[in-house]
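From first to last, the protein sequence lines are chains P and Y.
With the UniProt record's numbering, you'll find the first sequence wraps up at 207, consecutive numbering, no jumps.
With the UniProt record's numbering, you'll find the second sequence wraps up at 207, consecutive numbering, no jumps.
Check the hints yourself; a few may be wrong.
[To be verified] Listed next, with one range per pair, are the computed distances between beta-carbon atoms: (1) P:Asp82 x Y:Ala130: 32 to 38 Å; (2) Y:Gly21 x P:Thr47: 43 to 49 Å; (3) P:Asp44 x Y:Asp83: 29 to 35 Å.
Just so you know, the hints here were simulated from the structure itself, not pulled from any lab data.
Predicted model only: the values in this text are computed from it and were never measured.
Note that beta-carbon positions come from the ideal geometry of N, C-alpha and C, so glycine has one too.
Protein chains: 2
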Amino acid sequence: MSPPRTQPEDRRPPPARRPGGRTARVRAQVLDAVRAELGEHGFDGLTMDAVAVRAGVHRATVYRRWGDVGGLLADVLDAAGDDDWRPPDTGSLERDLAGLNQEIQDAMAARPPIMAALIAASFRSERAAAAQRRLWEDRYARCEIVVERAVARGELPPGVDARRLLITATAPLYHRLVLLGTPPDPDLPGDAARTAVLAASAGAFTP
Amino acid sequence: MSPPRTQPEDRRPPPARRPGGRTARVRAQVLDAVRAELGEHGFDGLTMDAVAVRAGVHRATVYRRWGDVGGLLADVLDAAGDDDWRPPDTGSLERDLAGLNQEIQDAMAARPPIMAALIAASFRSERAAAAQRRLWEDRYARCEIVVERAVARGELPPGVDARRLLITATAPLYHRLVLLGTPPDPDLPGDAARTAVLAASAGAFTP
Numbered sequence: 001m002s003p004p005r006t007q008p009e010d011r012r013p014p015p016a017r018r019p020g021g022r023t024a025r026v027r028a029q030v031l032d033a034v035r036a037e038l039g040e041h042g043f044d045g046l047t048m049d050a051v052a053v054r055a056g057v058h059r060a061t062v063y064r065r066w067g068d069v070g071g072l073l074a075d076v077l078d079a080a081g082d083d084d085w086r087p088p089d090t091g092s093l094e095r096d097l098a099g100l101n102q103e104i105q106d107a108m109a110a111r112p113p114i115m116a117a118l119i120a121a122s123f124r125s126e127r128a129a130a131a132q133r134r135l136w137e138d139r140y141a142r143c144e145i146v147v148e149r150a151v152a153r154g155e156l157p158p159g160v161d162a163r164r165l166l167i168t169a170t171a172p173l174y175h176r177l178v179l180l181g182t183p184p185d186p187d188l189p190g191d192a193a194r195t196a197v198l199a200a201s202a203g204a205f206t207p
Numbered sequence: 001m002s003p004p005r006t007q008p009e010d011r012r013p014p015p016a017r018r019p020g021g022r023t024a025r026v027r028a029q030v031l032d033a034v035r036a037e038l039g040e041h042g043f044d045g046l047t048m049d050a051v052a053v054r055a056g057v058h059r060a061t062v063y064r065r066w067g068d069v070g071g072l073l074a075d076v077l078d079a080a081g082d083d084d085w086r087p088p089d090t091g092s093l094e095r096d097l098a099g100l101n102q103e104i105q106d107a108m109a110a111r112p113p114i115m116a117a118l119i120a121a122s123f124r125s126e127r128a129a130a131a132q133r134r135l136w137e138d139r140y141a142r143c144e145i146v147v148e149r150a151v152a153r154g155e156l157p158p159g160v161d162a163r164r165l166l167i168t169a170t171a172p173l174y175h176r177l178v179l180l181g182t183p184p185d186p187d188l189p190g191d192a193a194r195t196a197v198l199a200a201s202a203g204a205f206t207p
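Isolated chain P, as found in the complex (with noise of 0.2 Å):
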């Protein structure tokens, strides 16, 4: 759902200019690490010590804070949810849920892969699962107002169940990029997020 931060940064200030003193520079310098790893080598070329070596920090270091890659992953998962990222606002549901999902589908599609990478992380270790399930559950949340919005414009009726709505949008997406496997298809954006606007107009998601 939505891109979260989880680029590798390209430009990265020096260390001295992170915001927060040494420890919260160290993480940074350390999920810096683990998102370029990842997108490199994928979970299974990811390991504690290549990511203390890439960040330049203590092996111990890393070892005391994170514990092991479920950690890491869970750490740069929670991180990417502590952003200002809000859903399209673009005046019609139907727009809003086709950016929503065009921002998913272009994630999903990136080079590095890291939003692929995490997700199938997720598979492998329970941190990474959790971390994961909050990230979505965070953003989930925060789509909520792309309904509310269109009740207020009276888009929809009041009593919409938003999640179900949200869900019924980008559900495809996530089944044919991350289960299904098919490439990007540039219709599936726009077809998922009119299929679902066109449900909730014929009451699929009002009690």
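Add chain Y to chain P, keeping to what the hints say.
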């Protein structure tokens, strides 16, 4: 999509009664062992040696024929598609789709969690992932008759994109149960079926 025959066989017939001679018998014993090991230990506990021991087959045979754990999983998935499964035929599109979704939810909730473990394993092995996609493709192809029958009954206009309708009906199940990790919801199979039918009736899958 649908519960493929991935359950370990509780009352396995004696090997000598397996049809197809020794090669088929060995395959059946090995795949039963893979399902049982996967159900008990998940992917991380699945080893070639444990499968060989459990199946009562020489290690060398297992390595020669399946190569690695990914090869074993791919063959389990290919074997799952080698059945005569057909989607529900209730006389109503919505009930057919709800029944299909119920089968998916039941399979995902089954204990031991063979289907869930196979999906998770498809993130670990490219061979397993390709086999999982073949199985889904086969299942969705078999389900298209559900839509064709609805068109024949006059429930839907001709020209409906059956695959898009089927993905819309089933994707929320996979998204919630596999990715979002929400517990099975007794309303979900029917709600997702109804949503897809309402969208179809509103023209979502017609050019």
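Evaluation of the provided hints:
1. P:Asp82 x Y:Ala130: 32 to 38 Å: Cβ of Asp82 (chain P) to Cβ of Ala130 (chain Y): about 36 Å, so the range 32 to 38 Å holds.
2. Y:Gly21 x P:Thr47: 43 to 49 Å: holds (46 Å)
3. P:Asp44 x Y:Asp83: 29 to 35 Å: holds (33 Å)
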